[in-house]
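Respectively, the protein sequence lines represent chains P and G. Under my numbering, read the first sequence as residues 1 to 126, first letter to last. Under my numbering, read the second sequence as residues 127 to 264, first letter to last.
Any given hint could turn out to be false.
[Unchecked claim] Think about it this way: if two alpha-carbon atoms lie no more than 30 Å apart in a straight line, the pair counts; the simulated DSSO-like pairs of lysine-lysine are:
hint, chain 1, residue 1, chain 2, residue 2
1, P, K123, P, K95
2, P, K95, G, K157
3, P, K44, P, K95
4, P, K28, P, K95
5, P, K125, P, K44
6, G, K199, P, K125
7, G, K157, P, K123
8, P, K95, P, K25
9, P, K44, P, K28
Calculated from the structure, these hints are not laboratory results.
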Amino acid sequence: MLTEELRTAARALGEALHGNGAVQKYLKASADCEADPEAVGLEKRLLALYAELIARQQRGEILERSEIDAFNALRRQVYEHPRIADREAATTLVKPYFAEIADEINLPLGVEFAALAQAAEAKEKS
Amino acid sequence: MSTQPSTIPISPVLPAATERTAAQAARALGKLLFDTPEYQAYLQALNEVNHDADVQRLSARIRERNIALQWGKGDALEQQAALTTLEAELASLPSFRAYRQVEETVMRLFHAVDEAIGQAAGVPFAPSARRSGCGCGG
Numbered sequence: 001m002l003t004e005e006l007r008t009a010a011r012a013l014g015e016a017l018h019g020n021g022a023v024q025k026y027l028k029a030s031a032d033c034e035a036d037p038e039a040v041g042l043e044k045r046l047l048a049l050y051a052e053l054i055a056r057q058q059r060g061e062i063l064e065r066s067e068i069d070a071f072n073a074l075r076r077q078v079y080e081h082p083r084i085a086d087r088e089a090a091t092t093l094v095k096p097y098f099a100e101i102a103d104e105i106n107l108p109l110g111v112e113f114a115a116l117a118q119a120a121e122a123k124e125k126s
Numbered sequence: 127m128s129t130q131p132s133t134i135p136i137s138p139v140l141p142a143a144t145e146r147t148a149a150q151a152a153r154a155l156g157k158l159l160f161d162t163p164e165y166q167a168y169l170q171a172l173n174e175v176n177h178d179a180d181v182q183r184l185s186a187r188i189r190e191r192n193i194a195l196q197w198g199k200g201d202a203l204e205q206q207a208a209l210t211t212l213e214a215e216l217a218s219l220p221s222f223r224a225y226r227q228v229e230e231t232v233m234r235l236f237h238a239v240d241e242a243i244g245q246a247a248g249v250p251f252a253p254s255a256r257r258s259g260c261g262c263g264g
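The following block holds chain G by itself, in its conformation from the complex:
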């Protein structure tokens, strides 16, 4: 058996500390984002469209048409044309337009935050962190 002391790599930081710190930093960032005026305006607009009868009626009809298209029901061209008309009608509603506008502001804010994260990490964050194809939370 060797009498030489073995070399033990030492670090002032426990290995799990980085993970804990990153999770804590992420949670703190999420809370800060939640409190921003941009995000609060987004939540308010979301609440308004969720309670807008016209938005709900058109959304339901769009869902129906989408399902019909997916299942190949009826004439596809006709279904597609009806869908386009319904989507244009929805996009013209004032509450929906307001919602889209604040959503875009939130998206730009998140993008700027993501860029700041990536710059400090040395690797882009969002492209690797993404779980789904949709950010609507639905």
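For reference, chain P alone in the conformation it holds in the complex:
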């Protein structure tokens, strides 16, 4: 679907982003996180518990206070894990940088590139 010109321009932007210090920090923090079995396990547990609780709520079930407390405790444990905390801290630096760069794409278009790109993805998934 992409013309060679667009593909080249998109790749040039991607490569320039890859060279940014904040992106490098994020990639390293992300790789460190993925290499830590404890961090991976904690995140998996949190996601599984979240999915289970949401599904039960959607079926109309009222959750016990103790279940919500257990979920919050696990969530705290996840975000206090040093590897995960490092990755999250690195993410907070990447986001404003990417938003600033995206504004440069938006300027000639007059619409928000990232929102439309994601809307297509959401539509594909639904």
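Following the hints, position chain G against chain P.
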């Protein structure tokens, strides 16, 4: 004081150059996207719906109903039913259908471009770059 020369990390690229290059590359990409036939068709369809009296009339009525719902005016179920009818009426208008179609094409194009950016960057671009919940520019 040490007589040893200190180690200065050297790089052929100035630190600010990456930022400048990324901003320049983003601007160039935005201009290329603007010039694509898909985006030009989108702008034309947008202009047509903005000048279509039926679209404008229905859009205004939908806005009114939405405001009424947000402020809890009238019967909520009745307001919701009226809103659904108005939205279906709007969606059936030929100019609006044409607009939705080209908008979807532009969305797919942007998604493909975003994937190419993310692949080269090593990290997904759009999810981190997004500022709002709506891409309509409004």
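request  = Take the C-alpha atoms of K28 (chain P) and K95 (chain P), compute the straight-line distance between them, and say whether it is at most 30 Å.
outcome  = Measuring from Cα to Cα gives roughly 16 Å; hence the hint holds.
query = Between K199 (chain G) and K125 (chain P), does the CA-CA distance stay at or below 30 Å?
reply = This hinted pair is violated, its Cα atoms lying about 35 Å apart.
message = Need the status of pair K123 (chain P), K95 (chain P): alpha-carbon distance at most 30 Å?
response = The given pair, whose Cα atoms are some 23 Å apart, holds under the 30 Å limit.
message = For a C-alpha distance cap of 30 Å, please report whether K125 (chain P) and K44 (chain P) respect it.
response = At roughly 22 Å apart (the allowed maximum being 30 Å), K44 (chain P) and K125 (chain P) satisfy the hint.
request  = Could you grab the alpha-carbon distance between K95 (chain P) and K157 (chain G) and see if it respects the 30 Å cut-off?
outcome  = holds, 23 Å
request  = For the pair supplied as a hint, K44 (chain P) and K95 (chain P), confirm whether the alpha-carbon distance does not exceed 30 Å.
outcome  = holds, 24 Å
ask   = Does the structure keep K95 (chain P) and K25 (chain P) at a Cα separation of 30 Å or less?
value = Since the Cα atoms of K95 (chain P) and K25 (chain P) sit roughly 13 Å apart, the hinted pair holds (cutoff 30 Å).
ask   = Taking only the CA atoms, is the gap from K157 (chain G) to K123 (chain P) under or equal to 30 Å?
value = Judged against 30 Å, a Cα distance of about 26 Å means the pair holds.
request  = Take the C-alpha atoms of K44 (chain P) and K28 (chain P), compute the straight-line distance between them, and say whether it is at most 30 Å.
outcome  = It holds: about 20 Å lies between the C-alpha atoms, which stays within 30 Å.
Violated hint for the displayed structure: number 6, the only one.
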